[in-house]
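Knowing the structure of chain D, use the given hints to seat chain L on it.
Just so you know, the sequences run in chain order D and L. Each residue of the first sequence is one higher than the last, beginning at 1 in our numbering. Each residue of the second sequence is one higher than the last, beginning at 1 in our numbering.
No lab work stands behind these hints: they were computed from the structure. Remember, predicted model here, so these are calculated numbers, not experimental data. Do not take every clue at face value.
A few chain D residues facing chain L, derived, Cβ under 8 angstroms [as the list claims (entries may be wrong)]:
no., residue
1, Met-1
2, Ser-2
3, Tyr-4
4, Gln-5
5, Val-7
6, Asn-21
7, Ala-23
8, Tyr-25
9, Thr-28
10, Ala-57
11, Leu-121
12, Phe-129
13, Glu-135
Even for Gly, the Cβ is constructed at its ideal location relative to N, Cα and C.
In case you want the letters, here they are:
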Amino acid sequence: MSTYQKVGTFTINGGQKQGGNVASYFCTPDGRVLHAIAGPVNADVLLREARWVVETAKLSALDGGKSDARLRLFWRKAHGERLQHEHQVDIAQMGRLKRRLQLNNQGKVHLLLATAPLPRLEQVYKLVFEKILNEKVSTAPVVQVRR
Amino acid sequence: MPSTPPPLPRGFGEPCRINRLAVLTSVFASFALVAGIFAWIATHPRKAAPPPPSASVAAIDLTAEPLAPPAPPQARVFSATPAFHRSQKRDEIASNIPLMEVNPPSLPPPASPEPKQNKDPDAERTPPWQLPPPSKQPGGETYGTQVLFLNNRETAIDAARREHKLLFVMHISGNFEESCFT
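Okay, chain D solo, but in the shape it has when bound:
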C-alpha cells in the first residue's frame, strides 16, 4: 500500500522549481519505519531498496517473531551491516570516533535507523526532512514568484 503526504513546500521562480525534496519510507502497517530513502532516486535504486526491505522484513518475522526487542535488535543489525558494507562505518565503534563522519543522505538514514531502529514515522520525519534533506517542514502552499 502506498500513500503520499505533503510536508514541505517549494518556490516556483520564473517557471523553475526551487527547493523541495522527497523522502520515501517503508513502514509497517502500524506506522513504524523499517527503512527510508532520503531524496530522489532512480527507479532501479528504489526497486532495490524496496526488495531489500521486503526480504529483510520477512527474515525479521522469522527471526524476531513477535518480540519487539528482538525486532528492534534485528533491524539495528540490518542497518548496521549496510552502514558498514556501503559506508565503512562500524556502528559498534561510533563512540570512539574522533573524526566527523562524512556520510551521504542514505548513509545518514542507515545511521539513524541503526541507532534508533523501528521508530514511528511521526518521530523521524522532521529529522529526515530537515536535518538530512535540509528542507523545512511546512504546510504553506507553493510560492510562485512573478517577475
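Quick look at chain L alone, frame taken from chain D:
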C-alpha cells in the same frame, strides 16, 4: 592218528580289511545328500509354469462363448481368427475412471476489522472461501506509475493492515498532483 585239517586257502580266514570308518562316512554323506535334496524340494515348491498364451486365450474364449456341440470331424482348415485378450472387469473400471482434478478451495479472505453490518442472507449461507473478495478498492491514483497511491494515509494504513502488507509513504514538498513540480 590225529588228522590235521587241510590248510586253508590263501587269504581265507584272515581279518577283514574293510575300513569301516570310510564306509560309515560315505553312508552318512549320502544320507545327508538325500536329506538335503528332500529339504530343498520341500522348501522350494515347484512353480507352475504359466500356461502359454494360446491356452489362456482358448480358456477365455470357451468361457465367453456358449458351449457348442462337438463338430463332426472335418478337413483341417486353418482359420486366422484373431483372438484378443479380454481385460478383466476390474481393469476396465479402473481405466475408465475419469480423471478429476479438483482445485483446492481458495483461502478465505482476510477478516476485516470492520463491524458487522446488514449482510446479505445469501452471503451467510455460502462458505466464506467462496465469497468474492472485497472489491472495494480505496480510491487513489497511479500518477503515471504502476503504484497505486492512496490519497488518505489512514486508508492506506487500514488497507496495509488488512492485507498484511508494508506501507510505502512518500513525503513530498509541493504539489504532488502537478507532475512537473514533483
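Checked hints:
no. : hint    : in the structure
1   : Met-1   : holds, 4 angstroms
2   : Ser-2   : holds, 4 angstroms
3   : Tyr-4   : holds, 4 angstroms
4   : Gln-5   : holds, 6 angstroms
5   : Val-7   : holds, 5 angstroms
6   : Asn-21  : holds, 6 angstroms
7   : Ala-23  : holds, 4 angstroms
8   : Tyr-25  : holds, 4 angstroms
9   : Thr-28  : holds, 7 angstroms
10  : Ala-57  : holds, 6 angstroms
11  : Leu-121 : holds, 6 angstroms
12  : Phe-129 : holds, 6 angstroms
13  : Glu-135 : holds, 6 angstroms
This entry satisfies every hint, going by the numbered hints stated previously.
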